[in-house]
Amino acid sequence: MGSDQGAAWDDSNLNDPHAVADKRSRVQKMFTAIAPSYDLNNRVHSFWRDQAWRRKAVKLAKLKPMDVVVDVACGTGDLTLAFARGVNSPVIGIDFTHAMLPIANRKSQIANPPTFLNADATALPLPDESADVVSIAFGIRNVQAPEQALREFHRVLRPGGRVIVLEFSEPTNPLIRAVNRFYCGRIMPITATLISGDKSGAYKYLPKSIGTFWSREKMVAMLDEAGFIKIEQHPMTFGVCVCYRGEKALVPSPSGRGLG
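Residues 688 to 947 (the numbering used here) make up the sequence shown, in order.
It should be emphasised that the hints constitute simulated quantities derived from the structure, not laboratory data.
Remember, it's a predicted structure, so these values are computed and weren't measured experimentally.
Treat the hints with care, since some could be wrong.
What the hints assert, rightly or not - Here are the simulated SDA-like pairs of lysine to any residue, each with C-alpha atoms no more than 25 Å apart in a straight line:
{"hint": "1", "residue 1": "K710", "residue 2": "R838"}
{"hint": "2", "residue 1": "K751", "residue 2": "S795"}
{"hint": "3", "residue 1": "K905", "residue 2": "G872"}
{"hint": "4", "residue 1": "K746", "residue 2": "P858"}
{"hint": "5", "residue 1": "K895", "residue 2": "M875"}
{"hint": "6", "residue 1": "K746", "residue 2": "V731"}
{"hint": "7", "residue 1": "K746", "residue 2": "I797"}
{"hint": "8", "residue 1": "K794", "residue 2": "L750"}
{"hint": "9", "residue 1": "K716", "residue 2": "I897"}
{"hint": "10", "residue 1": "K749", "residue 2": "A798"}
{"hint": "11", "residue 1": "K905", "residue 2": "T878"}
{"hint": "12", "residue 1": "K716", "residue 2": "I874"}
{"hint": "13", "residue 1": "K895", "residue 2": "T878"}
{"hint": "14", "residue 1": "K716", "residue 2": "P789"}
{"hint": "15", "residue 1": "K746", "residue 2": "A913"}
{"hint": "16", "residue 1": "K743", "residue 2": "V731"}
{"hint": "17", "residue 1": "K905", "residue 2": "E857"}
The whole structure should be built from the sequences, with the hints applied where relevant.
Below, the structure written as structure tokens:
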């Protein structure tokens with residue numbers, strides 16, 4: 688996996704990481720390496736904004752007390768736990784990197800502890816129409832086939848269910864975009880690697896994976912193509928991340944698209 692056997696990502700495969708044939712295994716190796724320091728790096732390098740972004744995502748889901756929530760690419764469980772505190776019904780966190788899940792379980796000493804499963808976003812081990820909310824935070828760009836994952840989210844949602852996709856974005860303001868690119872591309876890879884001791888190339892991958900992933904317009908188009916309706920964009924913190932919200936139609940149309 689590259690010239691450095693310890694690295695999942697290096698200069699040979701970072702030009703467009705989404706085009707790499709074995710992206711899935713590289714992403715899994717990367718997250719296994721950084722799992723112990725994942726939460727600390729999230730806090731420090733978002734300037735403690737990441738939890739506020741997750742709270743906004745939960746608010747946009749418009750939870751009802753008995754909603755069943757599935758949080759995909761749950762990592763160490765921050766968004767999963769935020770949802771679990773808002774409902775009295777099952778909350779399931781799913782991640783394909785096993786090393787993340789023991790950390791998530793240790794954090795789950797709450798009244799409504801989530802259930803965590805080791806599975807892939809493109810093949811959720813859940814029945815059709817079994818969830819009211821499906822979420823994914825900072826994970827859709829890491830999936831080998833993100834369009835397939837969106838179709839899976841649609842499959843497991845009940846009619847009227849909500850999808851929540853929280854993802855990094857390129858700010859539209861040119862000055863803010865330039866500052867953000869410098870921070871993510873030049874500063875964060877150094878400081879995050881120092882904190883984590885990472886040798887997988889995770890923090891070189893992060894800015895490249897953001898800059899080469901779907902635009903906001905493409906994300907909306909792909910949610911629409913997956914069958915979602917009433918798609919909204921909610922930019923946060925000068926547009927460095929966006930929360931996308933969509934719904935599964937109550938009545939399907941003959942073409943497969945919803946009628947609302």
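Hint by hint, which ones does this structure get wrong, listed from lowest number up? 11
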